[in-house]
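Novice: Spelled out, the chains give:
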Amino acid sequence: MPEGNNQSKSRKAEAILAELEALSAEDLSTLATAVDRELSRRGLDSMAVHANRFLDAIIENIPDMIFVKDARRLAFQRFNRAGEQLLGTSRSQLIGKNDYDFFPKDQAEFFQAKDRATLSSKTLLDILEEPIETKNGLRWLHTKKVPILDENGEPIFLLGISEDITERKAVQAALVRAKEAAEAASRELEAFSYSVAHDLRAPLRAIDGFSQALLEDHGAVLDDEGRGFLNRLRAAAQDMARLIDDLLNLSRMTRSELRRVSVDVSALAQASASRAQQTYPGHVVELSIQAGLFALADAQLLSVVFNNLLANAWKFTRHTRGARIEVGSLHEDNEQVFFVRDNGAGFDMAYAKKLFGVFQRLHTASEFEGSGIGLATVQRVVQRHGGRIWAIGAVGEGATFLFTVSGAGREEAGR
Amino acid sequence: MNDKVILLVEDNPNDEALTLRALKKGHVMNPVVVVRDGAEALDFLFARNAHAGRDRELSLQVILLDLKLPKIDGLDVLKAIRADERTRLLPVVVLTSSAEDQDMVNSYSLGANSYIRKPVDFNQFVEAVRQLGLYWLVLNQTPSRPLAP
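Residue numbers (my numbering), protein chains in the order written: chain S, 5 to 419; chain P, 37 to 185.
No wet-lab data here; the hints were simulated from the structure.
Quick caveat, the model's predicted, so the values are computed rather than measured.
Ideal placement from N, C-alpha and C gives every residue a C-beta, glycine not left out.
Don't take every hint at face value.
Claimed, not checked - Which residues of chain P face chain S? A few of them, derived with a C-beta cut under 7 Å, are: (1) Asn-48; (2) Leu-54; (3) Ser-134; (4) Gln-138; (5) Asn-149; (6) Tyr-151; (7) Arg-153; (8) Val-156; (9) Asp-157.
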């Protein structure tokens with residue numbers, strides 16, 4: 005029965021609807037008012053109430069503070085939940101009041117000046133940062149103020165949307181402070197390196213120079229042992245000078261700017277290999293470098309990597325008959341991995357992690373000379389590129405150093 | 037040529053002694069005037085203050101300039117030398133501990149003629165000084181005129 009009833013009613017409604025098209029705008033408006041009045045007389049929600057509830061639901065659930073002020077008195081007309089939470093004030097206390105009722109005078113003046121500016125310009129005003137005193141303390145807002153105009157283009161309301169950026173501002177400020185601290189530390193390190201370069205070398209020059217002077221001018225009054233001691237002094241001074249240079253080089257790797265270009269890795273490795281060969285002229289090595297290797301990397305820094313890795317390969321194959329050194333690349337998880345492989349002295353995988361630490365050495369100075377800074381420098385360069393480096397090897401069976409420079413990790417800033 | 041003076045600007049007495057020894061070893065026999073900070077170097081060059089009474093006929097062949105100096109540092113001394121009509125043509129060899137690129141670039145861009153990093157190995161130092169002497173004191177030709185303030 006209700007169905008039939010509904011159908012007959014809807015047929016009646018359809019008949020009225022069919023006539024609507026013929027009505028003038030004025031008549032339609034009158035009709036709408038009449039329908040609204042009839043709905044509320046029967047205790048039903050009017051169309052305006054429906055629309056309002058829909059709008060309220062949206063406004064209420066927006067996470068930013070939303071407020072509407074009337075254009076004349078700038079008193080609050082509407083206010084949402086996020087706003088209540090932000091200010092710590094309920095909307096019942098706010099509605100009908102203005103800024104002077106809640107905020108310190110200078111803040112209220114600021115808010116209303118912006119309101120008036122928005123209304124008179126009739127355009128959106130974007131206030132990137134404004135402080136606001138709330139029951140929960142001082143907060144910072146990013147606010148947009150929008151004029152709402154009537155049918156004649158005159159402003160009747162002011163809509164405000166405010167995002168609470170207090171936490172974001174705090175994080176940004178902390179970041180700026182951290183950056184400044186890091187820069188200060190970096191400048192300090194630079195000054196330190198500089199004075200290391202100058203001031204630590206000067207006494208070494210004196211030790212070496214005067215030992216030599218003693219040998220030359222007074223060598224006759226010393227026996228062989230005495231002259232031997234002086235030669236040891238000189239050798240030690242020169243060792244320390246090399247150590248200082250290596251450390252400076254390591255710190256330079258950290259400081260210098262990273263400029264990625266397309267690098268001909270094969271050519272670069274060949275140049276490094278030639279250098280290594282010059283350092284060990286009598287050492288015969290069977291060298292193989294894969295052709296056509298390229299990388300997007302800092303050419304100067306990458307050459308430091310190959311200089312070190314190939315010098316090491318030459319050094320640690322010095323006692324190997326049929327020494328072979330190979331440079332190539334392979335693909336692992338879509339990433340290009342370069343490697344330098346030798347069949348030299350190798351190392352115990354138990355100490356693999358120690359390889360890249362500053363001053364860490366797996367061989368005694370009498371077996372293989374070195375400062376223990378080279379691989380630390382290599383690792384620094386690779387890390388600057390956002391890459392990884394690792395090594396595999398076994399004692400007496402050679403070593404393979406593998407690294408990436410593609411920056412799949414995060415590239416590190418220089419200074 | 038031997039009467040031409042070398043000006044050594046060096047604050048470290050050990051380095052001073054070693055440089056003088058290296059010059060001797062490198063058979064550089066020219067008289068050497070040693071000044072120990074940047075201000076004194078400029079006083080000597082421009083014959084003023086403590087050096088107002090120096091021999092005005094004296095002819096400088098080359099200046100060996102350390103970078104890290106008390107009072108006025110080496111780069112500022114170099115700048116002052118190049119800025120003054122009386123001294124701007126003098127050969128200046130920077131002789132320093134520093135291997136920082138920046139020091140080298142600054143030295144050359146301010147008009148240094150050579151840049152030598154003092155090696156720790158004394159024999160290398162002697163060799164460097166010998167070559168230096170050979171070039172700046174024997175081979176290099178400069179307009180002949182006294183350094184007259």
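Novice: Could you run down the list of hints and mark each one as holding or not?
Specialist: Now for the hints, and whether the structure bears them out:
| no. | hint | result |
| --- | --- | --- |
| 1 | Asn-48 | holds (6 Å) |
| 2 | Leu-54 | holds (4 Å) |
| 3 | Ser-134 | holds (6 Å) |
| 4 | Gln-138 | violated (9 Å) |
| 5 | Asn-149 | violated (22 Å) |
| 6 | Tyr-151 | violated (14 Å) |
| 7 | Arg-153 | violated (9 Å) |
| 8 | Val-156 | holds (4 Å) |
| 9 | Asp-157 | holds (6 Å) |
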